Structures are given as C-alpha cells and as structure tokens.
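K.L.:
Listed below are the residues making up each chain.
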Amino acid sequence: MELEEMKMLWGEMSAAIEKQKKSTDTLIIKMTQVNYRHRISKIAVPEKISAVVCAAIIIFIIVNFQKLGTWYLQLFAVLTVVILGALSFLSLRAIHKMSSINISANNYKQTLAEYSKGRLQFMFVQKLSFYLTAILLVVSLPVMVQLIAEKNPFKVTRLWMFYAVAFPFFTIFARWVYKYYSKTTRQIEGLLKDLEE
Amino acid sequence: MHSKQEFVSVIQENEGLIYKVTKVYTNSKEDEQDLHQEIVYQLWKSFGSFRNDAKITTWMYRIALNTAITHLNKEKRRSNHVPMNESLLNKTDTGDNLKEEQLEILYAQIKRLNPVEKAIVLLYLEGKTYEEIAVITGFTATNVGTRLGRIKQKIITQIN
Numbered sequence: 001m002e003l004e005e006m007k008m009l010w011g012e013m014s015a016a017i018e019k020q021k022k023s024t025d026t027l028i029i030k031m032t033q034v035n036y037r038h039r040i041s042k043i044a045v046p047e048k049i050s051a052v053v054c055a056a057i058i059i060f061i062i063v064n065f066q067k068l069g070t071w072y073l074q075l076f077a078v079l080t081v082v083i084l085g086a087l088s089f090l091s092l093r094a095i096h097k098m099s100s101i102n103i104s105a106n107n108y109k110q111t112l113a114e115y116s117k118g119r120l121q122f123m124f125v126q127k128l129s130f131y132l133t134a135i136l137l138v139v140s141l142p143v144m145v146q147l148i149a150e151k152n153p154f155k156v157t158r159l160w161m162f163y164a165v166a167f168p169f170f171t172i173f174a175r176w177v178y179k180y181y182s183k184t185t186r187q188i189e190g191l192l193k194d195l196e197e
Numbered sequence: 001m002h003s004k005q006e007f008v009s010v011i012q013e014n015e016g017l018i019y020k021v022t023k024v025y026t027n028s029k030e031d032e033q034d035l036h037q038e039i040v041y042q043l044w045k046s047f048g049s050f051r052n053d054a055k056i057t058t059w060m061y062r063i064a065l066n067t068a069i070t071h072l073n074k075e076k077r078r079s080n081h082v083p084m085n086e087s088l089l090n091k092t093d094t095g096d097n098l099k100e101e102q103l104e105i106l107y108a109q110i111k112r113l114n115p116v117e118k119a120i121v122l123l124y125l126e127g128k129t130y131e132e133i134a135v136i137t138g139f140t141a142t143n144v145g146t147r148l149g150r151i152k153q154k155i156i157t158q159i160n
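Top to bottom, those sequences are chains A and U. In terms of our numbering, the first sequence opens at residue 1 and continues consecutively. In terms of our numbering, the second sequence opens at residue 1 and continues consecutively.
This list has only true hints and no planted wrong ones.
Heads up, simulated DSBU-like pairs for lysine-lysine below, C-alpha to C-alpha not over 30 Å straight-line: (1) A:19 / U:128; (2) U:118 / A:7; (3) A:21 / U:23; (4) A:183 / A:117; (5) U:45 / A:97; (6) A:117 / U:23; (7) U:45 / U:23; (8) A:22 / U:23.
Keep in mind that the hints were calculated from the coordinates and are not lab data. Note that the structure is predicted; figures quoted are calculated from it, not measured.
With the hints as constraints, model all of the structure from the sequences given.
P.N.:
Next comes the structure, spelled out in structure tokens:
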C-alpha cells in the first residue's frame, strides 16, 4: 500500500471512528486519578528496593570491619562497599534521567533525543552492573563467610566449589549480555544520528 | 483555569486522536489500554498549562506522541489500569472484513517504521500540513518534507 492509498484509507477510518461510542465522563475522570502510574516508576521500584538492601549490607560491613583480621579481607570489604554503592547510585541516576523528561514542554524531537540518551545510559549501567556483580561475587563471599559464619573463608571447601561451578556459566552469560547490549545500543545510536540530520 | 468538565469534553471530542496514536505505538490490547490511559493522565497533568493560543489538537498530539515514546513497549509490569469497554478499543470494527484487513496492513506498515518516521507519517495521514508537523515534532518544515519523501520510498521498498 503506497502513502496516498494509506491516506485515503486513514481518512475513511477516521470518519468511522468519529461515529463510534465515546468514553463516559466517569471513565475519563478515573483515568486522570493517580490510580495509574507511569511505567518507569514501576521499573524504579525494584531498583529502589535493591538500593536499600545494598545500603544495609554496606552498613553491616562498615560496622563489623574490625572483625576482618587480614589485609586482603579488608581490601575485599572495601571493594564490596564501593561496588555496592556505585551500582545503586548509577542505576537510580539513570532511571531518574529517563523519568524526568518534560512531556508537556518538549517537542517530539527533544523527547526522543532525551529518552534515547537516557536509555543508552541505562543500558550502559545495566551492562556495567552485570560485570561488577561478577566481581562482587568473588570479593564479597569471603568477607561474608568471615563476618556471618566467622570461619576462615580460605578453609571453606564449598566456597571454592561455588567459584568453579559459577565461572563457566558466567562466561557464557557474559557473551550473551555483550551481544544483546551491543545490538540495542547500535539501534539507539542510529536513531540519535537520524535526529541530528 | 480549566475545569475537569472542560477536560472531559476535550477528551471526548478528540478521542479518535488518542485511539490512533495508541494503535500505532503498541502491539497488544493490554498495551493499548495502558498507553491510552497514560496519555489521558499526562494530558490532564498538562491541561492547566495549556494556553488557548495554540490549537488544542496540536497540543494533544505533542503530549500523546511524547508519552508514547516514554511508554516502554513491553514487560515489567502489569499496571492497575481502569477497565475499558472492548468497544472503546475496537473503534474500527466495521464488520467489513476486507476493510479491516486493509487497516491491519496499514498499521503493520506504519509499525515497521522507526519512531521519527512513525510520528511524521501519522501526522501526515491525519492531514496535518508540513508546518503543523514541524511545530509538533520540532523538525523544520523543509526537513519534514525531505523525511516524508524518504518514507514514501521506504514504504514502496517494504511493498516490494
């Protein structure tokens, strides 16, 4: 169907729509109430919960820091705190950027550009989070074994078995994550380039 | 200051506009319902700042299209939307199978375009002039013309 044919059919459809039943006053008023929430805010809920959990773990490690007797466990603890803090901060910032777009003041081009940039940033954070989480697993487990079980982590055989089993799975998943994000990022970058023309 | 009753009348008078935007930007009835309500909600939020010097439909298209972009297409949540009557979501059910089939093809062709092209073609089909499209989208009128030319070519390629 060519554009002119499309226009003709669209006109017929528009005329038919005008004759159809309209929404009632009550239904429209219900829609204006805060009963319905923006989708981004729904994505933000698990991110906010994660941030609270991260903050609790950070506090737990800081409070019990003196129980870590060796320099390498202390180093792992510092790395755990830094990674947890960075993950929460970056993720919340990216979501805030996407949700703070001014829908009523912007035109379509501005909204599309801001939203695409926000998505790019969010995807970068997600990709980064994936790799940081892998490092986090390696560095946080010995710290937690020491603090919670109060055992020397390097004498816990199950800990080493966990690393051995998790490593191949992580490698396969990491490749998939890289491919997925690269493809989507290219599409968004293409769109941004198109907007600049 | 605009009243709620005034807003309800504006929505009722221009419901077709919301219907067409949601149809173009979604792929399922559930998403359609979600987006429809989000557009109404965003329109209500901005209604107080609407100045009568602009055309009401220009303002509505801008909000509706902006909302459609920021409305993520899939997953995550099942929102607590207001239940809508099926007939309000099936405004083009005419009983004419051939016509409905043609409309399905028409929507499918538009959905294959990227978000920039989708908005321009939607406004063009709505009978907007290049200048009006330019005001809503933020591109210049000349750029709108150039892009429409490219879209025509793209649609021809899609057919072939």
